[in-house]
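Novice: In this text, residue positions in the sequence shown follow the numbering used here: the first is 67, and each later residue adds one.
Everything labelled a hint here was simulated from the structure, so no lab data went into it. Please read these numbers as outputs of a predicted model, since none were measured by experiment. Even for Gly, the Cβ is constructed at its ideal location relative to N, Cα and C. A hint or two may mislead.
Unchecked claim - Simulated crosslink set (EDC-like; lysine to aspartate or glutamate; CA at most 20 Å straight-line):
#, residue 1, residue 2
1, 138, 159
2, 99, 118
3, 138, 118
4, 138, 156
5, 76, 96
6, 138, 161
Unchecked claim - Restraint ranges, calculated between C-beta atoms of paired labels, are given here:
#, residue 1, residue 2, range
7, 148, 109, 27 to 33 Å
8, 110, 79, 50 to 56 Å
9, 90, 138, 31 to 37 Å
10, 122, 145, 16 to 22 Å
11, 109, 74, 18 to 24 Å
12, 149, 92, 55 to 61 Å
13, 145, 110, 58 to 64 Å
14, 75, 124, 37 to 43 Å
15, 122, 75, 42 to 48 Å
16, 122, 162, 16 to 22 Å
17, 72, 169, 41 to 47 Å
18, 87, 122, 27 to 33 Å
19, 139, 85, 34 to 40 Å
20, 90, 139, 27 to 33 Å
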Amino acid sequence: MTRARFLNPKYILLIVVISAFIVFACFANEARKEVYFLCGNVNQGTSISSIERQLATITLSSYQIELGDQGKRIVHSSWLNFHSISCTIEFDEQDRATMVAYTSFTR
Numbered sequence: 067m068t069r070a071r072f073l074n075p076k077y078i079l080l081i082v083v084i085s086a087f088i089v090f091a092c093f094a095n096e097a098r099k100e101v102y103f104l105c106g107n108v109n110q111g112t113s114i115s116s117i118e119r120q121l122a123t124i125t126l127s128s129y130q131i132e133l134g135d136q137g138k139r140i141v142h143s144s145w146l147n148f149h150s151i152s153c154t155i156e157f158d159e160q161d162r163a164t165m166v167a168y169t170s171f172t173r
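Using the sequences provided together with the hints, build the complete structure.
Specialist: In structure tokens form, the structure reads like this:
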């Protein structure tokens, strides 16, 4: 192939699309690891303030605090994984973790 053929807009567009996909895949993998490892740091009995301090360090994911009948619940996930990977932490009345569940729909 000649050099002029690689300057064809179709090849340039293909290279840009492939590069964008690779960058997205790298960020999505880092977001997956962020949810996985932060979920792994939580044990039963961990206080909600300790967990919120850890969650304050996230950059590629987000979390929501939900109020339920039995106490609070934190759901941690990332839009980079289309929220298919999540960590759910439930708390008792003393704001101590009672249940930690890592869920992945990609397995």
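Novice: Next step is simple, just say for each hint if it's right about the structure.
Specialist: Now for the hints, and whether the structure bears them out:
Between residue 138 and residue 159 the CA atoms are separated by roughly 8 Å; this keeps the pair inside 20 Å, and the hint holds. Distance check on the hinted pair: residue 99 and residue 118 sit about 18 Å apart at the alpha-carbon level, within 20 Å; holds. Taking the CA atoms of residue 138 and residue 118, the gap is near 12 Å; set against the 20 Å cutoff, the hint holds. Between residue 138 and residue 156 the CA atoms are separated by roughly 6 Å; this keeps the pair inside 20 Å, and the hint holds.
Taken as a hint, the residue 76 and residue 96 pair is broken in the structure, with Cα atoms around 30 Å apart against an allowance of 20 Å. For the hint linking residue 138 to residue 161, the alpha-carbon distance of about 7 Å falls within 20 Å, and the restraint holds. Checked against the hint of 27 to 33 Å, the C-beta distance between residue 148 and residue 109 comes to roughly 28 Å, which is consistent with it. The beta-carbon spacing between residue 110 and residue 79, approximately 52 Å, falls within the hinted interval of 50 to 56 Å.
Taking the beta carbon of each, residue 90 and residue 138 are about 33 Å apart, inside 31 to 37 Å as hinted. About 18 Å separates the C-beta atoms of residue 122 and residue 145, a value consistent with the hinted range of 16 to 22 Å. For residue 109 paired with residue 74, a C-beta distance near 57 Å fails the hint of 18 to 24 Å. In this structure the supplied range 55 to 61 Å is violated for residue 149 paired with residue 92, their Cβ-Cβ distance being about 19 Å.
Here the CB-CB span from residue 145 to residue 110 is close to 28 Å, at odds with the stated 58 to 64 Å. As the Cβ distance of residue 75 to residue 124 is approximately 39 Å, the hint placing it in 37 to 43 Å holds. The hinted window of 42 to 48 Å between residue 122 and residue 75 holds, with their beta carbons roughly 45 Å apart. At about 19 Å, the CB distance of residue 122 to residue 162 agrees with the hint of 16 to 22 Å.
In this structure the supplied range 41 to 47 Å holds for residue 72 paired with residue 169, their Cβ-Cβ distance being about 45 Å. Taking the beta carbon of each, residue 87 and residue 122 are about 31 Å apart, inside 27 to 33 Å as hinted. A hinted range of 34 to 40 Å for the beta carbons of residue 139 and residue 85 is consistent with their spacing of about 39 Å. Between residue 90 and residue 139 the CB atoms are about 30 Å apart, so this pair conforms to the stated range of 27 to 33 Å.
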